[in-house]
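One line per chain: the protein sequences are A and B, in this order. Letter by letter, the first sequence follows residues 1 to 309 in this note's numbering. Letter by letter, the second sequence follows residues 1 to 312 in this note's numbering.
Mixed in with the good hints, there may be bad ones.
Below, a list of computed lysine to any residue pairs in the SDA-like style, where the Cα atoms sit at most 20 Å apart [unchecked claim]: (1) B:Lys148 - A:Asp38; (2) B:Lys148 - A:Gly40; (3) B:Lys60 - A:Leu143; (4) B:Lys148 - A:Ser26; (5) B:Lys148 - A:Gln132; (6) B:Lys148 - B:Val132; (7) B:Lys60 - A:Gln132; (8) B:Lys148 - A:Phe36; (9) B:Lys60 - A:Arg136; (10) B:Lys148 - A:Thr43; (11) B:Lys148 - A:Phe272; (12) B:Lys60 - B:Val44; (13) B:Lys148 - B:Tyr168; (14) B:Lys60 - B:Leu49; (15) B:Lys148 - B:Pro138; (16) B:Lys148 - A:Gln274.
Worth flagging that the hints you see were computed from the coordinates, not collected in a lab.
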Amino acid sequence: MKFRRLPFIAGFLVVPVVLYVIFVVSPFVQTIFYSFTDWGGLTDTQNFIGIDNYVRIFSDDIFVGAILHNAFLLVLMPVVTILLALFLAFMLNVGGRGDSAGIRGVRGSGVYKVVLFFPQVLSVAIIVVLFQSVFRTDGRGLLNALLMAVGLVSPNDPVQWFNSPTLVLWCLLAVMVWSGVGFYMVLFSAAMQSIPREIYEAALLDGATRGATFFRITLPLLWENISVAWVYLGFIALDGFALVTGLTPDTGGGGPDHASELISNVLYRTAFTQGKFGLACAMGVALAVFSLLLAIVQLRVTRRDRIEF
Amino acid sequence: MTQLVTAEPTAPEEQPETAKPPRGQFGVVNVFSQGFLLLWAAMVVLPLLWAVMSSFKTDKEILSSPWSLPASPQWDNFARAWSSGHIGTFFLNTVIVLAGGVTITMVVGAMAAYVLARYSFPGNRIIYYGFVAGLTLPIFLALVPLFKIVGNLGNLPVVGPYLGLNSYLGLILVYVAFSLPFTVFFLHSFFRTLPTEIAEAGLLDGAGHATLFARVMLPMARPGLISIGIFNVIGQWNQYLLPLVLLQPQSSFDTDHSVLAEGLLNLAVTQGYKSDWSGLFAGMTIAMLPMLAVYVLFQRQVQAGLTAGTLK
Numbered sequence: 001m002k003f004r005r006l007p008f009i010a011g012f013l014v015v016p017v018v019l020y021v022i023f024v025v026s027p028f029v030q031t032i033f034y035s036f037t038d039w040g041g042l043t044d045t046q047n048f049i050g051i052d053n054y055v056r057i058f059s060d061d062i063f064v065g066a067i068l069h070n071a072f073l074l075v076l077m078p079v080v081t082i083l084l085a086l087f088l089a090f091m092l093n094v095g096g097r098g099d100s101a102g103i104r105g106v107r108g109s110g111v112y113k114v115v116l117f118f119p120q121v122l123s124v125a126i127i128v129v130l131f132q133s134v135f136r137t138d139g140r141g142l143l144n145a146l147l148m149a150v151g152l153v154s155p156n157d158p159v160q161w162f163n164s165p166t167l168v169l170w171c172l173l174a175v176m177v178w179s180g181v182g183f184y185m186v187l188f189s190a191a192m193q194s195i196p197r198e199i200y201e202a203a204l205l206d207g208a209t210r211g212a213t214f215f216r217i218t219l220p221l222l223w224e225n226i227s228v229a230w231v232y233l234g235f236i237a238l239d240g241f242a243l244v245t246g247l248t249p250d251t252g253g254g255g256p257d258h259a260s261e262l263i264s265n266v267l268y269r270t271a272f273t274q275g276k277f278g279l280a281c282a283m284g285v286a287l288a289v290f291s292l293l294l295a296i297v298q299l300r301v302t303r304r305d306r307i308e309f
Numbered sequence: 001m002t003q004l005v006t007a008e009p010t011a012p013e014e015q016p017e018t019a020k021p022p023r024g025q026f027g028v029v030n031v032f033s034q035g036f037l038l039l040w041a042a043m044v045v046l047p048l049l050w051a052v053m054s055s056f057k058t059d060k061e062i063l064s065s066p067w068s069l070p071a072s073p074q075w076d077n078f079a080r081a082w083s084s085g086h087i088g089t090f091f092l093n094t095v096i097v098l099a100g101g102v103t104i105t106m107v108v109g110a111m112a113a114y115v116l117a118r119y120s121f122p123g124n125r126i127i128y129y130g131f132v133a134g135l136t137l138p139i140f141l142a143l144v145p146l147f148k149i150v151g152n153l154g155n156l157p158v159v160g161p162y163l164g165l166n167s168y169l170g171l172i173l174v175y176v177a178f179s180l181p182f183t184v185f186f187l188h189s190f191f192r193t194l195p196t197e198i199a200e201a202g203l204l205d206g207a208g209h210a211t212l213f214a215r216v217m218l219p220m221a222r223p224g225l226i227s228i229g230i231f232n233v234i235g236q237w238n239q240y241l242l243p244l245v246l247l248q249p250q251s252s253f254d255t256d257h258s259v260l261a262e263g264l265l266n267l268a269v270t271q272g273y274k275s276d277w278s279g280l281f282a283g284m285t286i287a288m289l290p291m292l293a294v295y296v297l298f299q300r301q302v303q304a305g306l307t308a309g310t311l312k
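Between the sequences and the hints, there should be enough to build the whole structure, so can you do that?
This is the structure in structure tokens:
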């Protein structure tokens, strides 16, 4: 039996490992190498130019702007999404009437869970097309038409949404939050349901209000889920490529006047429109460093003792 | 952990008819929470319903009165989107790539996870952590060389045309490679929890390692396989960046292999010039409804699969 063990192990591992090395490991390593060269993409030769690419991207106003825009989303998007999701999950689970048997979930919570989860199964392309028409700037879009109907916006002066340099990032934020909240609500809701009822009942007997039960019981017991959600949402906020490409003005997105450039779409344009592959690789490395920093910072900030129950 | 999310959610809304009427304070809370949930539900559903409704209108109706119902449903919009908008082709391409991608990911990922979880051999840890490390790195870090690697595969003799840029198989293999870290990570912890006694009994009965895997271990890991399968279907269905880079037609004679996501987005951009808004809405409805229908039918599994995937 023993002698067939090693061939078996090798046989099972060879395909996944080869695929992984060719398509994942080697491009990651190559990106780091190319980031120190002037590779133009068309040729197979390149010169080693040290850290010139890094100096260039960090003195490039558009790229630095993109970092700031990503930082804006990175700070706000996870916070807003998590707060809304927590709030809705709490409403779902303990928002119903309370009686001698304790506090119950709201009526129809099953339906809410199905419906609010919809955005998660929509492809990002669908979300883009949908919000293109929601945020149309000429009074024929869903939002402008609605605002005009209730008289908040004059028909001659529709809101410019994605065309406005001041609004564009907030609109992106809104779309990201819209698509993320339902998923995390379901996630938190499942976690809330795994908290034993007795804990709530004991707290209610001791005279705790709903607010107190949320801050003293629910939140601490959900802390681990929240920190995981934070990391995941952070990765989404660092990407945003499809949304910017599809929703914001200018070729390849990022407009108006570079007001919504993100690292990802600057990178894409630098590589596949301008053909500056070496420079784009340096941007990729910068993005990866941000991702790692994000993961480290968040794991440190949110680290607490795990509570078993 | 998986039990946590696959556990049957309790149905708190079911109450005996004899329950006492709500007391003042809690009645207010109830209205308040219902109000908020309804508001958010409306924000999710209204845009979708509005898009579906617009797909039945004429262009003139869409532009003149965005909020009104269509005078008569324009089924023609769907036919136009399907054929001249190429939504039908995009759909077929997506199904091909998804079928190949998810199948291979599951087979290959389960094999790797199983061996790494249950057999100790030199290098086991290195390979496992190699896979797990892939979880933290953004796809953008690999993008540029990946384009070159797939391009070079296309220059290989004989197999080249099937593997290079703008080929189904090339994209499928890239999907598989990028789905592996999470699949291996997830299934690894799943296979570890399976009891050793059964495996030993199987080996004593003379089953080979491969038989043991296929006949005993895989069936026992079914809940985990379903969760990660759903996770991969949705993940690969939603992929936009990889097809955008890897499916670029290599010449004007090259077949368009676009998947739904990029095809629809291209349509959205060019439709701005042709202003066939109704066709665009119809295309979007065609792309959206199957996924929503599948989700509603299997919502419990989908939610469990996706949340289990995140919490691991």
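| said: Please verify whether Lys60 (chain B) and Leu143 (chain A) have alpha carbons no more than 20 Å apart. | reply: holds (19 Å)
| Holds or violated: Lys60 (chain B) with Val44 (chain B), Cα cutoff 20 Å? | violated (26 Å)
| task | Starting from Lys148 (chain B), check that the Cα of Phe36 (chain A) is at most 20 Å away, please. | result | holds (17 Å)
| Hinted pair Lys148 (chain B) and Val132 (chain B), Cα distance within 20 Å | violated (25 Å)
| said: Run the distance test for Lys148 (chain B) versus Pro138 (chain B): straight-line Cα separation, threshold 20 Å. | reply: holds (18 Å)
| message | With the threshold set at 20 Å, check whether the alpha-carbon distance from Lys148 (chain B) to Gly40 (chain A) stays at or below it. | response | holds (12 Å)
| field | Given hint Tyr168 (chain B) paired with Lys148 (chain B) - CA-CA distance at most 20 Å | value | Between Lys148 (chain B) and Tyr168 (chain B) the Cα gap is close to 17 Å, so the pair holds against 20 Å.
| field | Hint consistency between Lys148 (chain B) and Phe272 (chain A) [alpha-carbon to alpha-carbon, up to 20 Å] | value | holds (11 Å)
| query | Does the structure keep Lys148 (chain B) and Gln274 (chain A) at a Cα separation of 20 Å or less? | reply | Roughly 16 Å separates the two Cα atoms, so the pair holds.
| request: Assess, step by step, whether the Cα of Lys148 (chain B) is no farther than 20 Å from the Cα of Ser26 (chain A), and give holds or violated. | output: holds (11 Å)
| message | Hint check: Lys60 (chain B) vs Leu49 (chain B), CA-CA at most 20 Å. Holds or violated? | response | Distance ~19 Å between Lys60 (chain B) and Leu49 (chain B) Cα, so the pair holds.
| task | Below or equal to 20 Å on CA atoms is what counts here, so check Lys60 (chain B) against Gln132 (chain A). | result | Judged against 20 Å, a Cα distance of about 18 Å means the pair holds.
When the structure is compared with the earlier hints, violations turn up for hints 5, 6, 12 and for no others.
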